[in-house]
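Protein chains: 2
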Amino acid sequence: MAAKTERLGVRLRPHIKTHKCIEIGRMQVERGAAGITVSTLEEAAAFVEAGFNDLTWAFPIIINRLEEVRDLAQRATLRVLVDSVEAVRALEALATPLHVFMKVDCGYGRAGVEPTSSAALEIPRRLSESPTLRFDGLLTHSGHAYSAQGRDAMLAVAMEERDAVVGLAERLDAEGIETPQRSVGSTPAMSVAEDLEGITEARPGNYALYDQMQVALGSCEPADCAATVLTSVVSSHARGSVCDAGALALSKDRGLGEPSSDGRIYADYESGALEATAMLSGLSQEHGKLETRFPVGERLRILPNHSCLTVACFDRFFVLRGEKVVDEWRIHRER
Amino acid sequence: MAAKTERLGVRLRPHIKTHKCIEIGRMQVERGAAGITVSTLEEAAAFVEAGFNDLTWAFPIIINRLEEVRDLAQRATLRVLVDSVEAVRALEALATPLHVFMKVDCGYGRAGVEPTSSAALEIPRRLSESPTLRFDGLLTHSGHAYSAQGRDAMLAVAMEERDAVVGLAERLDAEGIETPQRSVGSTPAMSVAEDLEGITEARPGNYALYDQMQVALGSCEPADCAATVLTSVVSSHARGSVCDAGALALSKDRGLGEPSSDGRIYADYESGALEATAMLSGLSQEHGKLETRFPVGERLRILPNHSCLTVACFDRFFVLRGEKVVDEWRIHRER
Numbered sequence: 001m002a003a004k005t006e007r008l009g010v011r012l013r014p015h016i017k018t019h020k021c022i023e024i025g026r027m028q029v030e031r032g033a034a035g036i037t038v039s040t041l042e043e044a045a046a047f048v049e050a051g052f053n054d055l056t057w058a059f060p061i062i063i064n065r066l067e068e069v070r071d072l073a074q075r076a077t078l079r080v081l082v083d084s085v086e087a088v089r090a091l092e093a094l095a096t097p098l099h100v101f102m103k104v105d106c107g108y109g110r111a112g113v114e115p116t117s118s119a120a121l122e123i124p125r126r127l128s129e130s131p132t133l134r135f136d137g138l139l140t141h142s143g144h145a146y147s148a149q150g151r152d153a154m155l156a157v158a159m160e161e162r163d164a165v166v167g168l169a170e171r172l173d174a175e176g177i178e179t180p181q182r183s184v185g186s187t188p189a190m191s192v193a194e195d196l197e198g199i200t201e202a203r204p205g206n207y208a209l210y211d212q213m214q215v216a217l218g219s220c221e222p223a224d225c226a227a228t229v230l231t232s233v234v235s236s237h238a239r240g241s242v243c244d245a246g247a248l249a250l251s252k253d254r255g256l257g258e259p260s261s262d263g264r265i266y267a268d269y270e271s272g273a274l275e276a277t278a279m280l281s282g283l284s285q286e287h288g289k290l291e292t293r294f295p296v297g298e299r300l301r302i303l304p305n306h307s308c309l310t311v312a313c314f315d316r317f318f319v320l321r322g323e324k325v326v327d328e329w330r331i332h333r334e335r
Numbered sequence: 336m337a338a339k340t341e342r343l344g345v346r347l348r349p350h351i352k353t354h355k356c357i358e359i360g361r362m363q364v365e366r367g368a369a370g371i372t373v374s375t376l377e378e379a380a381a382f383v384e385a386g387f388n389d390l391t392w393a394f395p396i397i398i399n400r401l402e403e404v405r406d407l408a409q410r411a412t413l414r415v416l417v418d419s420v421e422a423v424r425a426l427e428a429l430a431t432p433l434h435v436f437m438k439v440d441c442g443y444g445r446a447g448v449e450p451t452s453s454a455a456l457e458i459p460r461r462l463s464e465s466p467t468l469r470f471d472g473l474l475t476h477s478g479h480a481y482s483a484q485g486r487d488a489m490l491a492v493a494m495e496e497r498d499a500v501v502g503l504a505e506r507l508d509a510e511g512i513e514t515p516q517r518s519v520g521s522t523p524a525m526s527v528a529e530d531l532e533g534i535t536e537a538r539p540g541n542y543a544l545y546d547q548m549q550v551a552l553g554s555c556e557p558a559d560c561a562a563t564v565l566t567s568v569v570s571s572h573a574r575g576s577v578c579d580a581g582a583l584a585l586s587k588d589r590g591l592g593e594p595s596s597d598g599r600i601y602a603d604y605e606s607g608a609l610e611a612t613a614m615l616s617g618l619s620q621e622h623g624k625l626e627t628r629f630p631v632g633e634r635l636r637i638l639p640n641h642s643c644l645t646v647a648c649f650d651r652f653f654v655l656r657g658e659k660v661v662d663e664w665r666i667h668r669e670r
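Going down the list, the sequences are from chains X and W. Going letter by letter, the first sequence gives residues 1 to 335 in this note's numbering. Going letter by letter, the second sequence gives residues 336 to 670 in this note's numbering.
For the record, the hints were derived by calculation from the structure and aren't laboratory data. No false leads were mixed into what you were given.
One side only, chain W facing chain X, incomplete, derived with CB under 8 Å:
(1) PHE394
(2) ILE396
(3) ASN399
(4) ASP418
(5) GLU421
(6) ALA422
(7) GLY444
(8) GLY478
(9) ARG574
(10) VAL577
(11) VAL631
(12) PHE649
(13) ARG670
Small disclaimer: the values here were computed from a predicted structure and weren't measured. Just so it is clear, CB atoms sit at the ideal spot from N, CA and C, and this is done for glycine as well.
Hey, can you work out the whole structure from these sequences and the hints?
This is the structure we're talking about:
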């Protein structure tokens with residue numbers, strides 16, 4: 001991803017919500033990442049504590065938690081997001097210097113202002129005229145790339161994302177408002193994007209670990225996936241087996257389509273046997289149901305549907321080189 | 336539940352996987368619980384550390400983790416489960432005194448031996464003849480009560496559960512094998528059971544907190560639910576709102592049926608306004624999507640679909656009396 005963003009002429013600000021891990025964040029910075037993106041104040045605090053000094057909190061600011069924002073902003077460059085005039089007003093009342101992005105909806109339909117709305121002009125104007133706030137620019141997230149069917153559809157989403165931000169930046173320019181940063185990013189959109197003219201930075205996160213969902217989307221191959229869950233078979237019957245990885249080890253995220261898949265088993269994942277040998281057919285709190293019969297005691301590695309949610313089930317990564325555990329890295333999932 | 340099990344003449348051994356909280360476990364013991372049930376060795380270790388001395392680990396024994404079992408069994412009465420001859424053999428090889436249940440499948444189709452199979456006789460015989468193992472009896476879990484439609488269907492599951500265990504105990508008795516304990520339990524089955532003749536203990540767990548799924552099943556009313564997630568609205572648009580409780584605050588468990596429901600909002604939950612005022616229509620990692628428009632900054636309480644999985648997203652409960660936080664209780668979700 002570092003090579004790809006360099007080729008596209010944009011800075012890489014990886015989203016660390018996927019791994020919540022200081023060591024992986026440092027590897028990303030060593031490979032050229034210009035700062036990081038976080039999803040929570042807990043992640044921000046952990047990474048600031050570890051010395052990271054340029055963070056974008058890519059979540060609409062929670063106006064009930066501004067004291068924590070002020071504290072963190074005194075220790076590092078913390079860039080926050082707004083998509084409402086109410087939030088701008090709350091930040092103005094905080095009377096603390098802050099970098100502020102406006103979040104734009106590029107078609108995903110979750111958070112963000114409509115690029116053609118009046119708020120899309122009013123908020124940047126207010127931010128650029130504020131004595132304490134600094135308008136960092138426009139930021140969007142192409143979450144709908146995850147539901148795009150095929151490479152062409154995914155490319156269309158990536159271009160929609162770029163055009164939403166670049167188009168609004170031109171509109172602001174015509175109004176005399178400068179847009180220093182134009183930030184986009186999702187792992188699937190970045191996997192297909194070939195032209196990010198007008199964009200200054202990208203914020204993909206999942207690529208650090210990848211998962212079954214990205215394999216299904218075509219963003220990567222199974223061998224690119226870095227995180228698996230080690231499990232033991234605990235019960236074996238004519239109808240199948242049960243393993244000790246349930247919903248609290250894998251999350252209930254079923255990924256894309258495939259309604260009967262709760263995860264995939266790669267029995268010989270490390271050696272390059274990239275065909276899934278079995279599927280999880282059901283997950284309860286601690287039980288994973290397999291339709292394939294494996295012997296009791298057999299160890300299996302499960303490639304999760306969605307690594308971001310699976311990683312957050314654990315306190316640490318066991319770092320493998322081959323089959324040998326060479327390190328343990330903490331996962332900062334505090335809440 | 337303590338009153339109900341007393342009326343039915345069975346001991347209550349609550350499953351603490353729902354709350355993973357020492358303080359709640361103590362309240363259950365004070366109200367008459369005879370020991371507790373756990374789902375993981377991590378839960379077992381935390382509760383033994385806190386002084387609980389009679390625990391059933393209601394999960395097919397993980398034969399790769401027997402050293403931990405031995406350590407815990409030296410500090411407390413730890414009752415373990417088997418449903419295979421392989422597991423019995425591994426426990427025999429451990430050469431440590433252990434209480435062992437045989438897990439029986441009563442129709443749920445997850446783990447457990449078929450009550451009519453030859454293994455259903457062979458395993459208890461082996462356990463009762465072992466010099467180190469003590470055959471504690473039969474244990475089953477009516478997880479399929481969660482998919483029963485209506486009270487009659489749920490009652491049928493509760494009776495199926497009872498009969499599977501009692502029937503097999505009679506078969507063992509005819510073979511000269513005594514079955515000291517006959518253990519059943521799920522919160523929905525216990526909510527309807529009126530006759531547990533032949534059963535000695537019940538292991539419901541969810542009743543300690545309840546949740547939207549139990550409301551939908553008819554096990555309880557919204558006012559009986561003890562755990563909600565406090566959230567703030569962070570984004571508000573014509574199409575709805577976004578709050579700061581996403582999949583990592585609520586889990587992706589969609590509960591029963593209702594494919595569009597990721598959780599329910601009770602805007603005035605505490606005061607007895609028991610009608611849900613809004614529904615969550617989508618969950619990503621940190622974002623909850625609401626189809627209702629609430630103002631930015633509004634605080635809402637979400638009744639989760641499945642409290643067991645939601646609680647495991649957090650490190651602590653904030654204990655409320657009215658709107659006042661009177662205590663904080665740790666949630667032992669280590670993994």
